[in-house]
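If you follow the hints, you should be able to join the two separate chains into one complex; please do so.
Protein sequence lines correspond, in order, to chains A and B.
So the first sequence is numbered by my numbering: it starts at 354 and just counts up by one.
So the second sequence is numbered by my numbering: it starts at 721 and just counts up by one.
If a hint is listed, it holds; no wrong ones were tucked in.
Here are the simulated lysine-lysine pairs, DSSO-like style, with alpha carbons at most 27 Å apart: (1) B:K806 / A:K941; (2) B:K900 / A:K904; (3) B:K888 / B:K986; (4) A:K904 / B:K986.
Partner residues aside, some chain B positions facing chain A, computed with beta carbon under 8 Å: (5) L781; (6) L796; (7) V799; (8) G814; (9) A818; (10) W828; (11) P861; (12) W938; (13) E972.
Hints are computed from structural coordinates only; laboratory data are not their basis.
The C-beta atom is built at its ideal place from N, Cα and C for all residues, glycine as well.
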Amino acid sequence: MTISAERPTDTVVPHETPPTPPRIPWAQRPGWMSQHLGTAIVVGFIGYVFGHWLGNYIASGYPYIVNSGQNSIADTLALAFMVVGWLLGVGALNYPLAKLIGREAPAEVEVKGWSKYFRYNTDHKVVGLQYVVGVILFLFTGGLLAMAIRTELLNPTTHVFGPGTYIEIVSEHGTIMMMMATSIVVGPLGNYLVPLMIGSRRMAFPRIEAFSFWIFMAGYAVIFSALPYGGFTTGWTGYAPLQTQNGPGMVSYLLGFAVVGLGMMAAGFNIAATIINYRAPGMTWSRVPIFVWSILATAALLTLATPVLFSAGLFGLLDKTVQTAFYVGEHGGSSYLWENLFWFFGHPEVYIMALPGFGIVGEIMPVFCRKPVFAYKVSAAGMIGVALLSFFVWQHHLFQSGINPDMRPLFMLTTELISIPTGFIFLVGMGTMYRAKIRFEIPMLFAMALFFNFLIGGITGVFLSDVPVNVTVHGGFFVLSHFHYTIMGGLLFAFMAGLYYWLPKMTGRMMNKKIGLWHFWTMFIFFNLTFFPMFIIGLLGQPRRVFTYAKNLQGLNDFSSISAFLLGFSFLIFAANMVWSLWISPQKAPANPWESLGLEWQTATPIPLHNFDRIPVILADPYHYSEENPPAVADLGEDLVVTAASSDSNPS
Amino acid sequence: MSDATTSNDAPVVHHLRRMTSIWVVLSVIGDLLFWFLVGPHVPPGAMTDQAVSNRFDFNILFVIALPVMIGVWVYLGYVIVMWSEKRSTAPAFGGPEARGNRRTQVLWITITSIAVLFAAGFGTVELIINNGSGGGEGPNPVWMPTGAAQAETAALKGTATWAPGSDKVLPVQVIAQQWKFTYRYPTFGGFETPNLILPVNTEIAFNVTSLDVIHSFWAYQLSVKADANPSVNDVAFTKTEHTGNFTVRCSELCGLWHGAMFDYGKVVSQSAFESWATSTEAANAANTKYLPPFAWTYVPDANGAAGGYYPDGNLTPYSKSQLYGAAQAAS
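Just chain B, with the same shape it has in the complex (with noise of 0.2 Å):
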């Protein structure tokens, strides 16, 4: 951008003008480049509405980026090859001319300050419009699909039903621990499994939370990445788009075998799920009634951590003898 300056003199002014010859050839050749055979290829890829608005940032991002990268090289490598010491038979430049020129400061910062306000702006309204754009929100998310409300209170209390084509959202709860991940379908009875399928063209509310330390369930190519925190619920919104396989991946360091925390989902059609999730319900019933009941948070005690900052929503306490079985004498 420095190229499109000028100054008064006027054999300055033919630098940079052919400065900025170069560095506007460059430029458009870069980004039609960049956007026509690079940006279709861009990561996460299609699979939800969050990974190609993800994407489509990264890109727009790029086109502005290439461009600034652009000019500075072009303006170093003109540099290097027209005003070395030995080259350059031109006289000495000094003077207060040298020391700074109120045009190109100012014209510098309006610039710069044009480009990141944008930048700014355009990410705040791209990470609105997407719900979050499938970063964890935290327990009390402020951006998200319409009925993720309902459908999370009705988790909570038992009665969240899920049908093929019933356009509802469905809350599937995360858990991490060392050194894994499994997985809660509160609208089947809160049966846990360590696979991760999910219907297609469904907007799924994932409810992350872990057992010990820090993890970040990071699903690849559904571009959601939620940090699973100890008596936390941090929801994170995706819609899932496009059947398929995903990847798994911690990406917060949560000890010894943080390498190895990985594993994969999968994204099937809608009919296929349902017959998977009733399946499961069926099969795991004898298990699911061991389990603690279904609720947001599981550490280290039912009522909520910490004096219930993140109470798991369950209304009535539990009794000491439901927590610990029975009564024990003092040690």
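Okay, chain A solo, but in the shape it has when bound (with noise of 0.2 Å):
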């Protein structure tokens, strides 16, 4: 890798058109004939069938109710069945199948227009406003469900829904949500805007890049199907005896952590890998932006703590279809073991939906204070330092299990270390701010709210960490409020701040700033309206999951309920200002609205598939706000960019 300021020689790459294919096969060529979303339903409808029929003609005689017809080995069959189909219906598998049989695979043509969002696309940016869509997907689901949980909860004895109702919704909304927060900021806004932070082309993996956006949706079909297979009563979390004692929902939940966990795998050693090999000449560790940073470290921690969850998600197939006894204490498995292999993925996981938060927050708070970063060091060092630590807590979810004592007060130790790198952020984010000059656009606002919520929830983190204290707030409503703040008070307003700031260079269209403020103001007011009681409540004794409670606890829970309610009101005027901002109403956005220094502002808008037309050289890190005499950022072959005015006269 070239550090020189120096534009080398090599990095003038030519303008050069392809050459047309000889022949396009059927199944590539633009149009409804070929491969898209709705082969890839009807090929994974039949895949689900064919699974289906398979798991019953080979393990007829292993039903969970004598003469069911119903068997793990047919459900699990045919749900796998349906991802392989999925996947070979939209085209993801045309290239290793082409390799496979000794064939050259197809070269890719290039689709125009709509069209190419449902179909499966190599183009970082394509995958990345796919991934847009398909965490709001995910993230609305979850949200209605939430609805449901709350409505159960504005009364402790006269039920809406029946207790086995109520757990279903309680156990796929968690799991839901759960699998959208590991991709919300590291699918959309990390596949469409690392390679442009970082002056590349492409990712490293194009195709694996589509195939962890595909593969993502298909886990979405597979968690899906848990509800009319009957749900599993066990939580996200999924603890084994009631694991192997739940019905086919329970397949569907570990086969989905699978098959999410192939996606989070392939996402992350593709970003990675895309991260430490793909930087422009000139883009020095010192110079990557905080955004990447976070990135990295969250592919870091995708890379090597998914493979847990996926090999536990395994052994409990296993242990469901042909009888293995990983989990199952009478035939010499362990119910610890889950416990510990869950954790070990889940502390990490609790990260990746930390870091990216922090990313953002750190990336869009000098655009808006028109201030250099705070301390840019620091704030590599604290998200490396959390992704590392992040793997010496997990038995603090065990405090109470009756685990070892011994190790108590370690990961007591441990957990607690987790607040000093977490507090770099603070410190990033608050010296950013110190004698700024600060435009309150709503991106800022959101990233602002971060440092309040996230404040509340790491604070509370402390309390639960603490083995005595844990005793009263373990499995309550506090633990539930608390990684309601970090994730949702953290992770999803971080991940609001980066939508309406980077839908702008995304679509090319400004999001409403009127509805902006109604969504940001109802989305923080009832956000903590929500959350905040619960900690009251989980303190006065209320545990997590349940569909009764104490009758003075009733006051509490309305009052969270109807700004529960409120709250995902404020999601429909989110929903309101995307349709109205990017449809109804579009109002074409400035080629750099914020007036940012960062490189994926410098490119032409619409960005041209190769993103740059030569490849930039950087020369400073994109944080010279405010200084009399800022240096060029990069050189992107044409003039010196400084502020991204210029960017209107790049070559597009």
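The structure is reproduced here in structure tokens:
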């Protein structure tokens, strides 16, 4: 990697028109007869039916219930073949299959217009936008389930749902939201922005990138299939003897995590490889944008932690299908094995959901503060530190579980140590705002809200990590509120900040500011009104995942429920803003609406297929705001780019 | 805590001094209000030694946390009021000084590290001196009240005794199953009852186990929480201080009726407990003889599940006929 600021001679890439492929196979031809979302659904359905038939054919003697004709093998194979069919149908397997039978893979055809968003597309910008829609689908599904939960909790004795339906809803809400949260920033913004920010023309493995999106959506189908199967009663944690006891819905859960896990691993190593190897000349580690640092730390976690979840899910599936006994105590397994494997993944997972949020606020705060980011190195160190420490804390989820008590002080210490690198992020944010000239645009409001929310979420984490206090707060609404404050109050607010900030680049259209303000204020206020009372509810003794509770807690629960409905309404405002600003009354976005120095804003709009006509040479980090003679950020091959205004003159 | 930072720049100190004074005033007021008005009412109350000390821990952490939160909030508020682009007339602040200030960074890292290490050390001390703080310590507890080991051993051998004023540890077994708790009192012949009655001023050793899935025994006012794992004996200690009623809830998702898995217990005077226990022992005697012999775990095989990882302490293995009745023909 060249780190010289001189432009190397070999970075000039001549314009080349790709040679027209001699023969385009029908499956690749643009048009409705080729491969797209529709064929994916059809072939996925065929795969489901085939898998179900196959399972019943080879294992008809092992039903859940005598003569029901339903067995775990049929359910597992049905869902597994559905996923394979889905991938076949969308064309994700064309390339590997062609290579497998010794043929040259067909050339890829550039699809123009809207239909590319419904296809297997290897352009990271298309994948990014596909992910935006995908995670919003997850988010709104999970959000609807949350509304159902709060409806049930309006009254301790009058029930809207039966206990069975209620626990299905709770489990499904948790699982879908967890899957969503692993990808909500890495998927849409990570894929879209990382190559632009590091001056690359593409991701390291574009096919793997597209694969990660399509298998993520297959995961949605798999986890959603739990509902028609009758759901599962274990919550998103899937603890073992209960897991073994559960019916077909559990197969959806286990396979769903395995499938989404595949996508997470694929996305993780692809992004890590891209950041490490595809940085433009001059993009040294001390110039890499904060957001890229956070995505790198997250990608490392995705790559290293997810295999544990994947294996744990496969063990569970083996227990269910071929009667192994990984988690069955009576036959030599252990329910602690699941608890440990799950949380060994599950705690890094928590930081998979926190770090990208830190990255977004670290990235956009300097823009709206018109100041360089404060303590850049501390910020990068904080993210790497959090990522490393996150592998050493998992047993704090098991403080009361009866594991070896000797280890408790150690895990209390490691858990509390994480507050030090997390504190770095606060130092960076607060230092950046110091004596700034702040523009209170919507992204900045969301970013500041993250500091407000994450402060509460983080500090309550210290209470939870204290073993004596943990006795009261473990497994109750206190911990529930804590992680909603970190994941929703942190990550989701950061995601919104990122969307409002980068959608003008991604779509070429500005989000409406007035509706955006309504969205921000309703979301911020009702988020806090929903979840703050839950700390008190938890301290007053309400366990998680209950459909009934003490009568004296009804007032607080009702307050929380009504706020939750209004919080749900704020998401409708967000949806309305998307529809209004992108389709009904689109306003063309300026080339650089926020006057950012970031490399991603220096490209033409719409961004050409290969991002940069010439590989840029990076000359400085993108945080030289409010300097009298700021150095040029990058040499794009035309003129030296200092501010975004000149990006209009870029050739597109 | 950010407000404690200083800078070399003259007008800078001005801002920070202002913020610091607001912060100090608000923090002192907030902490005092919390400590004296809210602190005494913080759950889980004062029914046991563990509840008192766990509440003390919570309050200490809160008194540290509140100034941190107030610090950030004051800072955010100050930022919003003073440094918006519209209102701020000060010249732009940029350059190397704005990119990082070594003193600020070192100070920040030092202060957060000290706070964190203090919290961890304090938590560890509290955990150890309170015999595990009422949390489940698993089958081999390391922090326990004096006499607990002897009482536990005696309970298993059926030789345990307890009388008012004897100052002995009272072992109580909690058996969780979908979806209720039952309790066995090995000191009183091992009878099993759905009612949890405890004597006051007594060290209690809860031995928590499960017959099916993972539950969690949460005696809220006692500040006891221990997961009930099948084939595991999870031990938690608490010392009762006051008489009264307490709530028991399952706090680990255990299936369909998890939300309805709760009951109520009572801490009563030592003599009342003894008379209740002896009368229940007598009333239940006819049933007790059909129960499995008292053991730490029950599922699924009295020889100890999973090849004896958590043996029930029975020294002579049960014969097949003892376990399953008369030998049956192979099917």
